[in-house]
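Chemist: Going left to right, the sequence shown walks through residues 1 to 237 as this note's numbering numbers them.
FYI, nobody ran anything at the bench for these hints, they're computed from the structure.
Since this is a predicted model, take the numbers as computed values, not measurements.
Hints are supplied without guarantee of correctness; some may be wrong.
The calculated label-pair distances, taken between Cβ atoms and stated as ranges, are [unchecked claim]:
hint : residue 1 : residue 2 : range
1    : W46       : H66       : 54 to 60 Å
2    : S234      : L143      : 44 to 50 Å
3    : L143      : E212      : 20 to 26 Å
4    : V203      : I61       : 53 to 59 Å
Below, simulated EDC-like cross-link-like pairs (lysine to aspartate or glutamate); rule was C-alpha separation at most 16 Å, straight line [unchecked claim]:
hint : residue 1 : residue 2
5    : K165      : D183
6    : K165      : D148
7    : K165      : E227
8    : K171      : E155
9    : K120      : E155
10   : K201      : D148
11   : K120      : E141
12   : K171      : E187
13   : K128      : D114
We put the beta carbon where it would ideally sit given N, CA and C, even for glycine.
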Amino acid sequence: NVNDLRKDKLVMWQYKYVHWIGLVVGLIVPSVLGYAWNHFHGMDPWVGALGGFLIAGVARIVVAQHCTFFINSLCHTVGRQPYSSSHSARDSAIMAFLTFGEGYHNYHHEFQHDYRNGVKPWQWDPTKWAIWTLSKLGLVEGLRRVPDSRILLAEMREARLNAEKHLADAKQHATGPAQRAADAMHELVERLAANYHELEKAVADRVQLSREVLRDWQNETRSIMRELRRMASSLPA
């Protein structure tokens, strides 16, 4: 359903002339700039035009296209899955840097209607910042954001699944000291499950949760997962 876009004259103009725009802006303009640069600096202008065409034009397009294609290949193979392992999409900070935020692909697949990809303060997502800036200038409206509570709920659900895997592995060595470690891990998993169900109920009941409460839950979840990984690494292979 793109009826709103069809009413936008600028969008439809771009749609009609997209190939010409790409040719002019992507290849002709870099060539002209290279020509002008060499001309005003006393060098062969045609060498400058060729350099602009090959480096700022062709090479840039090749690199940009490969980085774009990596999103639907590499970002389904390498990286973390902090929000869901029910699909193959993964978060990759390296690809996010190369694609201006698009590399946080696990989040994008889990919350497809959110205009953001990198939702953490430290995550590189210039695309998100550009869209937000355009909204403040009145050029974009209706930005959709997933509530922090739902994001945390997804993180806790995935952490719980990983915790249960650690516990299942521990139970395979449940003799002597390993049994005590498995019991301790079971208590941590139960605590994580209790926190998850408490947050799940709060989200279902539309309870307004402060950032401090969400941060405490998030920190406790990370602390539990660190302890579980430490215990799991100490078990016999």
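Chemist: Decide, hint by hint, whether the structure agrees.
Modeler: Status of the hints after comparison with the structure:
no.	hint	verdict
1	W46 / H66: 54 to 60 Å	violated (29 Å)
2	S234 / L143: 44 to 50 Å	holds (46 Å)
3	L143 / E212: 20 to 26 Å	holds (25 Å)
4	V203 / I61: 53 to 59 Å	violated (44 Å)
5	K165 / D183	holds (14 Å)
6	K165 / D148	violated (26 Å)
7	K165 / E227	holds (14 Å)
8	K171 / E155	violated (24 Å)
9	K120 / E155	holds (12 Å)
10	K201 / D148	holds (15 Å)
11	K120 / E141	violated (22 Å)
12	K171 / E187	holds (13 Å)
13	K128 / D114	holds (10 Å)
Going down the numbered hints, you'll see the structure goes against 1, 4, 6, 8, 11, while the others check out.
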